[in-house]
Amino acid sequence: MRTVGRLTEAYDAARLVEFDSTSKFVLLSDQHRGDGSRADEFAKNKVIFTRALNHYLEEGYTLIELGDSEDLWEFPHVRHIVKANGMVYSRIKKFFEAGRYLRLFGNHDAQLGDPRYVRQNLSQAPDPVSGEMVPLLPGLRVEEALRLRHTGTGQEIVVVHGHQGDFANDQNWHFTMFTFRIFWKWLHAFGIASPSSPIRNSYKRHKVERNYLKWIRQSHVALICGHTHRERFPRPDEAPYFNTGCCTFNGYITGLEIVDDQILLIGWRVEADHKGQLQVLRRILAGPQPIAAYDRVRVGGLTQAAEDARHAAIRAASRRVPARRDGPKRSAAERSMDLRS
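For the sequence shown, the working numbering assigns the number 1 to the initial residue and increments by one for each residue that follows.
Don't read these hints as lab results, they were simulated from the structure.
As a list, the in silico BS3-like pairs of lysine-lysine whose alpha-carbon atoms are at most 27 angstroms apart:
| hint | residue 1 | residue 2 |
| --- | --- | --- |
| 1 | K94 | K83 |
| 2 | K83 | K93 |
| 3 | K44 | K275 |
| 4 | K93 | K24 |
| 5 | K94 | K24 |
| 6 | K275 | K46 |
| 7 | K94 | K46 |
| 8 | K93 | K46 |
| 9 | K93 | K44 |
| 10 | K94 | K44 |
| 11 | K44 | K83 |
| 12 | K46 | K24 |
| 13 | K83 | K46 |
Ranges of calculated distance between the beta carbons of each label pair, as one might list FRET restraints:
| hint | residue 1 | residue 2 | range |
| --- | --- | --- | --- |
| 14 | A13 | S130 | 37 to 47 angstroms |
| 15 | Q218 | L278 | 43 to 53 angstroms |
| 16 | K83 | L57 | 18 to 28 angstroms |
| 17 | R116 | K83 | 18 to 28 angstroms |
| 18 | G113 | K214 | 21 to 31 angstroms |
| 19 | G276 | G99 | 34 to 44 angstroms |
| 20 | K275 | N250 | 17 to 27 angstroms |
All residues carry an ideal CB built from backbone N, CA and C; glycine is no exception.
Work out the full structure, taking the sequences as your base and the hints as a guide.
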């Protein structure tokens, strides 16, 4: 693996997105949208995902999809994916038209790194009623990485999919995609996953994450990614590595929110109320924590003015954290287990 070098390349070429205390972001990854067939991992969570998008649309969030959003390894025809997920793409189109949609590519949708492919496949789509081609996401830019920079403090957060430097999923993705299409796709339909995937292979997953941490220690920049399907939310005294988790868990999805200069890990799932009626609910799994608390790795190089601004941001964000009323404090892992149960 050459994850450190690849992450640095992605960082250097990343699109800069500035934000402040009024900005709202929701970061979701690894939807693996398919064509609605038995092998489509996203189909079971389509309603949950759509409900979450409705919420973020109404609340003024910017949607960032971190890659592997369409699973083009298993389902090579984008038009089939769009047709099977009309509700989802109609919401994404609203984010896009409002200037509130940012998109990265991962390994399962690496084709989107080619602007020509994006124009040919996502600029327009057939109308579900008339069949005529209508605009979908014309002019969409798909990036490898984003640099979120706070206008007040200068703090940066790098956002990538997370496959960078993972040989089978980065440099050798064409061959890996080929094996998926002719072999693993059919086993996948019966619940058998590739043993080389970091999703199922714990050794590979931890190796990938160790490389993330190595890059963070060298670059002194916070990192948000997906890829491993394993949600992560560090304490302020830990290396600032965040992971959104994914949207293909059995009956729930996870992601990250950045709002009011705070970051939090959230989950959405179907629950029954006291009358037995089903509803899709949002739960906080970890946080909120002030974003500035994760800039501590850069403190040694900050000016006194920047350091004062950092502490002021932490104090201001801390005052906005509501008092807990749900008993003893529990870890993020415990709250995540509640969501999965």
